[in-house]
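*Asks:* Sequence:
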Amino acid sequence: YKLSAAPEMDIMEYCGKEWKGNTPTAKRMRKVSEAVSQKFASIRRVRGDNYCALRATMFQSLSQATQLPSWLQDEDFTMLPENLLSKYDWIKQWQLKQNLGRKMEEISGEIKEYLILLRKKVGKVFMEEHKGPIEKQEACDKLFKNEEQEYSLYEVLKFLMLNTAIELYNDDKNGRRVPVFSWLLFAWDTCRNPCQLMHNHLNHIGHSGGLEQVEMFLLAYTLQYTIEVYRLYKYSTDEFVTLYPNDPEEDWPVVTLITEDDRHYNIPVRMCQETVL
78 YKLSAAPEMD IMEYCGKEWK GNTPTAKRMR KVSEAVSQKF ASIRRVRGDN
128 YCALRATMFQ SLSQATQLPS WLQDEDFTML PENLLSKYDW IKQWQLKQNL
178 GRKMEEISGE IKEYLILLRK KVGKVFMEEH KGPIEKQEAC DKLFKNEEQE
228 YSLYEVLKFL MLNTAIELYN DDKNGRRVPV FSWLLFAWDT CRNPCQLMHN
278 HLNHIGHSGG LEQVEMFLLA YTLQYTIEVY RLYKYSTDEF VTLYPNDPEE
328 DWPVVTLITE DDRHYNIPVR MCQETVL
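In our numbering, the protein residues as written are 78 to 354.
There's no promise every hint is true.
[Said to hold, decoys possible] As a list, the in silico PhoX-like pairs of lysine-lysine whose alpha-carbon atoms are at most 25 Å apart: (1) 94 x 104; (2) 189 x 169; (3) 219 x 198; (4) 201 x 219; (5) 213 x 197; (6) 94 x 116; (7) 250 x 94; (8) 108 x 311; (9) 198 x 164; (10) 164 x 189; (11) 116 x 311; (12) 94 x 108; (13) 250 x 222; (14) 213 x 198; (15) 97 x 108; (16) 250 x 104; (17) 169 x 201; (18) 116 x 213; (19) 189 x 222; (20) 97 x 250; (21) 189 x 201; (22) 169 x 250; (23) 219 x 197; (24) 164 x 250; (25) 104 x 116; (26) 201 x 213; (27) 213 x 169; (28) 222 x 197.
[Stated by the list, open to error] Beta-carbon label-pair distances, calculated as ranges: (29) 270 x 99: 48 to 54 Å; (30) 331 x 99: 35 to 41 Å; (31) 169 x 95: 31 to 37 Å.
Bear in mind the hints are in silico, worked out from the structure with no lab data behind them. Ideal placement from N, C-alpha and C gives every residue a C-beta, glycine not left out.
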């Protein structure tokens, strides 16, 4: 089983391996990596599949966060599948990676188990004995070494994203203020409402596609984290460092990722001292 996040590697060493030769792209990437190396000393390569954005964000949020997210402490957290099914019949079409084609009635209990697992596993990372960064990192690494558990966490994260989308959609319909990305999300021809979002987008994440830009906003809102991404191919533009969401809540923690193409995300580590100031 491949590691979810490879051991630390010097950013310039990583770049030398990934971008060999003298093509314009390779030269540009080496130049960009040199600039980024002023911010972060090392990088951890994240395993690249269609869960990559979820994997990198989840891994980084757990290893960087200082406290258990508030949404995980909600009393009704594990009741989410039953609560949503009682209101929205179309959620029966939800698909889990391991159980494609099975009906929602059969997997509602499974999602509930995943929610309980998520709370338990994430809680373990924040246990008292993991207070130091090294112990916490080790606990985080351990969580991402069990393939079955790891994928169940991504699937439940997608389900939580659906719940967030439903809340935003209903807020907008009821005249409440919603973030701009919510309008963009439901402006897609293939995503006019949460049902279409599930059918045409969320059900495919991890299986036949990754996260689109607007879905990165949805992920950030779901986790209540600001996701800061160094987009290497956007170097020297206003979009080189992109925040999801653009107008984050002040009390949301920030997790930082690096991408070369908005498809594959890696984890920067060891922020250089001068950039903290």
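*Asks:* A separate judgement is required for each hint: does it hold in the structure or not?
*Replies:* How the hints compare with the structure:
Restraint check for residue 94 and residue 104: the C-alpha separation of about 13 Å stays at or below 25 Å, so the hint holds. At most 25 Å may separate the alpha-carbon atoms for a hinted pair to count; residue 189 and residue 169 meet this at roughly 14 Å. Taking the CA atoms of residue 219 and residue 198, the gap is near 10 Å; set against the 25 Å cutoff, the hint holds. Taking the CA atoms of residue 201 and residue 219, the gap is near 11 Å; set against the 25 Å cutoff, the hint holds.
Proximity of residue 213 to residue 197 is assessed by CA-CA distance (about 15 Å); at most 25 Å being required, the pair is judged to hold. For the hint pairing residue 94 with residue 116, the CA-to-CA distance comes to about 20 Å; that is within 25 Å, so the pair holds. At most 25 Å may separate the alpha-carbon atoms for a hinted pair to count; residue 250 and residue 94 exceed this at roughly 50 Å. Taken as a hint, the residue 108 and residue 311 pair is honoured in the structure, with Cα atoms around 12 Å apart against an allowance of 25 Å.
Restraint check for residue 198 and residue 164: not satisfied, since their Cα atoms lie roughly 29 Å apart, outside the 25 Å limit. A distance of roughly 17 Å separates the Cα atoms of residue 164 and residue 189; the hinted pair therefore holds under the 25 Å criterion. Our distance criterion of 25 Å between C-alpha atoms is met by residue 116 and residue 311, whose separation comes to about 16 Å. For a cut-off of 25 Å, the pair hint linking residue 94 to residue 108 stands: about 14 Å separates their Cα positions.
Taking the CA atoms of residue 250 and residue 222, the gap is near 42 Å; set against the 25 Å cutoff, the hint is violated. For the suggested pair residue 213 and residue 198, the alpha carbons sit about 12 Å apart, so the restraint of at most 25 Å is met. Taking the CA atoms of residue 97 and residue 108, the gap is near 12 Å; set against the 25 Å cutoff, the hint holds. Pair hint residue 250 plus residue 104 does not hold up; C-alpha atoms about 49 Å apart against a cutoff of 25 Å.
Taking the CA atoms of residue 169 and residue 201, the gap is near 31 Å; set against the 25 Å cutoff, the hint is violated. A C-alpha spacing of about 22 Å is found between residue 116 and residue 213, which places the hinted pair at or below 25 Å, so the restraint holds. Straight-line distance between C-alpha atoms of residue 189 and residue 222 comes to about 22 Å, which keeps the hinted pair within the 25 Å bound. For a cut-off of 25 Å, the pair hint linking residue 97 to residue 250 is broken: about 51 Å separates their Cα positions.
For the hint pairing residue 189 with residue 201, the CA-to-CA distance comes to about 18 Å; that is within 25 Å, so the pair holds. Proximity of residue 169 to residue 250 is assessed by CA-CA distance (about 23 Å); at most 25 Å being required, the pair is judged to hold. Taking the CA atoms of residue 219 and residue 197, the gap is near 14 Å; set against the 25 Å cutoff, the hint holds. A threshold of 25 Å between alpha carbons decides the hint, and for residue 164 with residue 250 the separation of about 16 Å falls inside it, so the pair holds.
As the CA atoms of residue 104 and residue 116 are separated by approximately 20 Å, the hinted pair is consistent with the 25 Å bound. Proximity of residue 201 to residue 213 is assessed by CA-CA distance (about 9 Å); at most 25 Å being required, the pair is judged to hold. For the proposed pair residue 213 and residue 169, the alpha carbon gap of about 37 Å is over 25 Å, so the pair is violated. Between residue 222 and residue 197 the alpha-carbon distance is near 16 Å, which keeps this suggested pair within the 25 Å criterion.
At roughly 50 Å, the beta-carbon separation of residue 270 and residue 99 lies within the given 48 to 54 Å, and the hint holds. For residue 331 paired with residue 99, a C-beta distance near 36 Å keeps the hint of 35 to 41 Å intact. As the Cβ distance of residue 169 to residue 95 is approximately 43 Å, the hint placing it in 31 to 37 Å is violated.
Checked against the numbered hints above, the structure violates hints 7, 9, 13, 16, 17, 20, 27 and 31; every other hint is satisfied.
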